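Residue numbers (UniProt numbering), protein chains in the order written: chain U, 1 to 248; chain Z, 1 to 248; chain C, 1 to 248; chain P, 1 to 248; chain D, 1 to 248; chain L, 1 to 248.
Since the hints were made in silico from the structure, they are not lab data.
Computed from a prediction, not measured in an experiment: that's the story for all the values here.
Virtual Cβ for every residue (Gly too), placed ideally from N, Cα, C.
Treat the hints with caution; some may be incorrect.
Claimed, not checked - Here are a few chain L residues that face chain D, going by a calculated C-beta distance under 10 Å:
#, residue
1, 21
2, 25
3, 29
4, 87
5, 88
6, 95
7, 151
8, 154
9, 190
10, 207
11, 208
12, 217
13, 242
14, 244
15, 246
16, 248
Said to hold, decoys possible - With beta-carbon atoms standing in for the labels, derived distance ranges:
#, chain 1, residue 1, chain 2, residue 2, range
17, L, 185, D, 56, 19 to 27 Å
18, Z, 8, P, 17, 47 to 55 Å
19, C, 219, U, 186, 25 to 33 Å
Number of protein chains: 6
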Amino acid sequence: MTSSSAEFTRADGRALDQMRTVKITRGFTSNPAGSVLVEFGDTRVMCTASVELGVPRFKRDSGEGWLTAEYAMLPAATAERNRRESMAGKVKGRTHEISRLIGRSLRAAVDLSELGENTINIDCDVLQADGGTRTASITGAYVALADAIAVLKARGVVPGNPLLPPVAAVSVGVVEGNVCLDLPYEEDARADVDMNVVMTESGEFVELQGTGENNTFDRAQLGEILDYAEKGCRELIAAQRAALAQDL
Amino acid sequence: MTSSSAEFTRADGRALDQMRTVKITRGFTSNPAGSVLVEFGDTRVMCTASVELGVPRFKRDSGEGWLTAEYAMLPAATAERNRRESMAGKVKGRTHEISRLIGRSLRAAVDLSELGENTINIDCDVLQADGGTRTASITGAYVALADAIAVLKARGVVPGNPLLPPVAAVSVGVVEGNVCLDLPYEEDARADVDMNVVMTESGEFVELQGTGENNTFDRAQLGEILDYAEKGCRELIAAQRAALAQDL
Amino acid sequence: MTSSSAEFTRADGRALDQMRTVKITRGFTSNPAGSVLVEFGDTRVMCTASVELGVPRFKRDSGEGWLTAEYAMLPAATAERNRRESMAGKVKGRTHEISRLIGRSLRAAVDLSELGENTINIDCDVLQADGGTRTASITGAYVALADAIAVLKARGVVPGNPLLPPVAAVSVGVVEGNVCLDLPYEEDARADVDMNVVMTESGEFVELQGTGENNTFDRAQLGEILDYAEKGCRELIAAQRAALAQDL
Amino acid sequence: MTSSSAEFTRADGRALDQMRTVKITRGFTSNPAGSVLVEFGDTRVMCTASVELGVPRFKRDSGEGWLTAEYAMLPAATAERNRRESMAGKVKGRTHEISRLIGRSLRAAVDLSELGENTINIDCDVLQADGGTRTASITGAYVALADAIAVLKARGVVPGNPLLPPVAAVSVGVVEGNVCLDLPYEEDARADVDMNVVMTESGEFVELQGTGENNTFDRAQLGEILDYAEKGCRELIAAQRAALAQDL
Amino acid sequence: MTSSSAEFTRADGRALDQMRTVKITRGFTSNPAGSVLVEFGDTRVMCTASVELGVPRFKRDSGEGWLTAEYAMLPAATAERNRRESMAGKVKGRTHEISRLIGRSLRAAVDLSELGENTINIDCDVLQADGGTRTASITGAYVALADAIAVLKARGVVPGNPLLPPVAAVSVGVVEGNVCLDLPYEEDARADVDMNVVMTESGEFVELQGTGENNTFDRAQLGEILDYAEKGCRELIAAQRAALAQDL
Amino acid sequence: MTSSSAEFTRADGRALDQMRTVKITRGFTSNPAGSVLVEFGDTRVMCTASVELGVPRFKRDSGEGWLTAEYAMLPAATAERNRRESMAGKVKGRTHEISRLIGRSLRAAVDLSELGENTINIDCDVLQADGGTRTASITGAYVALADAIAVLKARGVVPGNPLLPPVAAVSVGVVEGNVCLDLPYEEDARADVDMNVVMTESGEFVELQGTGENNTFDRAQLGEILDYAEKGCRELIAAQRAALAQDL
């Protein structure tokens, strides 16, 4: 735990509890049932939701559907080009970790028992990375999921009403002792504590992942972090609602 | 070889020798030295050129640079979602084949001896696929390459003047006996002959890849195919020149 | 969020905030510098700390050391035999995720700048799994780390005093609305919320990973969860201290 | 495009439009239904055609058969030993590219609708490489295919008459400005243009693959290249016919 | 062949034909049907036998069962940490070789026709390695197999009486010209000849694997080696019998 | 152990202790330093020895050379086509096991201290398999090794005289109770005991690998097996000597 310095200002001039500009573009591509470009500042992620008949083996004959997610970074998304995982022949641990986080988070936004034995594949491909790619992915993927479910319902494939209220995610970090909302890469790289929070519209937690590799944090600081996270998620959910309110 | 039917019309109403609408957007993302979104109709490919100091082992101490290329399809780019190659743990033969084609084609547009011992990595990631992804990739990658070399020169990294005149690529197919320029997926899937042609501004061939899996073709038909290809490539090179003439 | 049932009792008769029996056996095997068998009830993990000269590339010439961790489950550790990852040819996402968590947690217990350019490899191999394998791994690995550093110091390899105060980890879950400490497999499988907490001796957080896949949780519940976690970690750290106080 | 030097002579004394000595040995091994050793000068490839009941999934219930091909280089086939791909754990792009070319070419020589739901596996294993291994493979594989189909018909497995007229392949290159037929390694390594042509007996093209990595080529040169290719393929088809006319 | 030196003594003071202390602990873990910790001196291997319904494809509808085995070394089992095979992405040749040896050896101790269509998976995981890990594995796995079959019979799953009399294994080496029984690592590393012998209770051979990489051996020496092996195996089988005679 | 039936005759009419016809063709291909086609009846293996400057890391600065071997089966070598290991992405355990056996056996035929810091790569590729592929490989590889060393000496690369006297290998099996020399596939598939013996010219053992998966064997039978093996190896070594006595 470090104490904050009074004169701390963020490189991009934002207030400590201020999100970057968020943009959600629906119908970004036309093949998948749901396709969204989400932007948190310079972070840009293409989130799609594709539908497949049938479910994986462990769900067969359950009467329920399934949702799974894959996250990836395009090679040129980062400041220094990162090696293509398909060429390396193996997927990095970080990629697995984020894919699993997205999958769990989005499963909290869908009632699988209303989906029929269908599978929704979420793909989050980072076109440009500037911090917060996993939280942008979750936030954008909810919108793609909503569009995909609407398509399914229009086609009469889905028996029930599987879409649950929005889920959004944001990062909060502690930088030079200051709690900051929605870290860009430059802040993320030097943060002492990094917390990713996934929340529902009613303000409950779906996932909390906080790590203090460069420093630890106490419960007071945790409280402040969660306040910021809640503010960010509320704004993101408003943006999701606004995007979904428009005609596609 | 099939004879053409007089009343053939293309689904999108184009003339037989007409390209789809081509759009080239420079500066599509900001991290790589060159970043282009190229569109041939509904086919959209993000083409980037990243620069790395040093060269692969087989070029070390040659005084020359190198250029290599990787092509990939996002999972949701196609009508039916295709499996992510990184998760499958291996790269498909088709992917390798196209990556190699792009690499060879772009090496015809750069004088490696003027590049210094630097490597340019071309990445072509298909966001949306509707036929002609490899030809769009080559065409867009030239523009990304040009921008990357400009960056290198501005930084003083490149000793000479490595950029050669444009190289562009187009597909020509024979559909129901009719030679057609720039096939979308719907035509490509039922074409008897499929030819990809890579050309220089002076109208010379860099690569010719023609396959007649459903049918063979004779030299007369080849002549007609190449006429169409030349027309397409000239238009593409004009589009490359126009895009590069604008301020970035 | 579910409300708790008054008459809830745990299958093994424990109080809601009671740990399973914890045993830490040092010197479990003789080849690695530190070797510990840690038991949380029926969960048994062999934790070792091996020392290697030199550091990975990204740490070279930094004057600092590095610590990395790998977690694995023996095939027969689980009720139903699980497939050996080496034979499958790829490591599961879950394995990667846990390995990374252990690594980050243990790096909070070592001052890398005091380690010299040496690497410590932590291996946590689960001999028998009954829930809480990752938290047992972290708790046991700290003791193995302490023993390994003592060996290094005795050999004069380590310049400074790299060992920091203990770090321990415990899981807390919400089962049928009741917050429960240290879940065995039977409870874990039906928990609505599952939180893994890594803490320092001073009661600060190193990692918080909470997931509410079957249900969400609110801040009040989070508070209760963290109270339980703190109680568990304090007891675990006492057990680590007691184990380390004995002669090896 | 380079101009030719008047005094150009080939290292092995051949005329520019002269093939190397071609030998086709049927029944080279006895296990596969068709087994051929094909030699283009010092290039030697073992080509086999094995028959398997059933077809891959995408052809199931189509009433048609399938043909697939795999190409590989033995480690000691080349002047410098090349690494075994099975040990490297991945297949090189070049190998994939050639396997796919062979498959497409041979599918032009078989009427899949006459084959019944059977699969023919073509294997081309290069015992000794001296340029032109892919063209020798295609040429030899046709003969192995013919023998395998004869076996199938004799066994009564094949309903119809699936064998189509011969398909053969040859390389033509431009070396120091001179168009040369059937390049050995020494010429191939320094060729400006390298074209592989697959033709039917009636002189139509099945595949054209030309690359001008070191130089480009124009339509006049293309015409000359195709004249040479046609001459080579006619001679190869005569050799295939002669080999097949003999008793096995 | 080297002549023995009269004054040869073993580092651990054993007679040339003396086994290390052997310990067999049944019920080492509780999840698998059979679980044994076997110790040959400092070599410690966890051997488990897990039962799975059904058989691999090549045994389907044979009315017989199957037994398969996998051997692995924990990373910290050896003096110098060895790389985890799952992380390397491939299994070493040595591992495959030993897994296959264990499988063949144990299949000699089970009558597959009495097993029903069930599969027994033997896992031998080396916790600590000091030579003789494969022979300890075979010896311990027989006891785990016996326990697993007893479980199967108690559950009524196994129709017949599949367990055959014990099979045990021991290594014999030639060190400085002296035949020595049950080599620890220190002797194994400098042995001229290394023989692993798998025997039945009636003194017949199941497997003989002798290698003289540093030296060759003649039939007289072979005779002496086999005498030692027979003595060792008799003692091991007595230990297996004694362990199995106790209540679990 | 089964008793032999008096009226046993071998399918190919050979006496029990008679080898199949053995042919050794040197200079089978021209690129590797040594290249041999070895035939044991219908089993045909191409054995090559290639030379590489330098040694693997564990031999660096030892002043000694190294020899390594790789064995593989062409897909069409067997009665039923076997899957190509490079396409499967992993090498089978059987392949590893045989490669390691060949490597150890051939290292007994070379004095590494006389080789200088050079590596010899042995490749044994089975063109046609009819039992005994590993023993044919070892026998043929010795001749390829001898030729490669002669090339090295002629080039002045090898300081000393690394070639040791011949090493050869043969299989002996027990079929219906009868000891039989040099089993073809048909006998091998139903043998009760299968022994591979690698011997030196002086009649000493390099490797003994005997397995009695379908039955066990006793020392009397072992004696008989080794008598047959010795007869076979003596004949093979005579064939190696005769082949090497001819001009290449």
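| Indices of hints not satisfied (ascending) | When the structure is compared with the hints, numbers 1, 2, 3, 4, 5, 7, 8, 9, 13, 14, 15, 16, 18 turn out to be violated.
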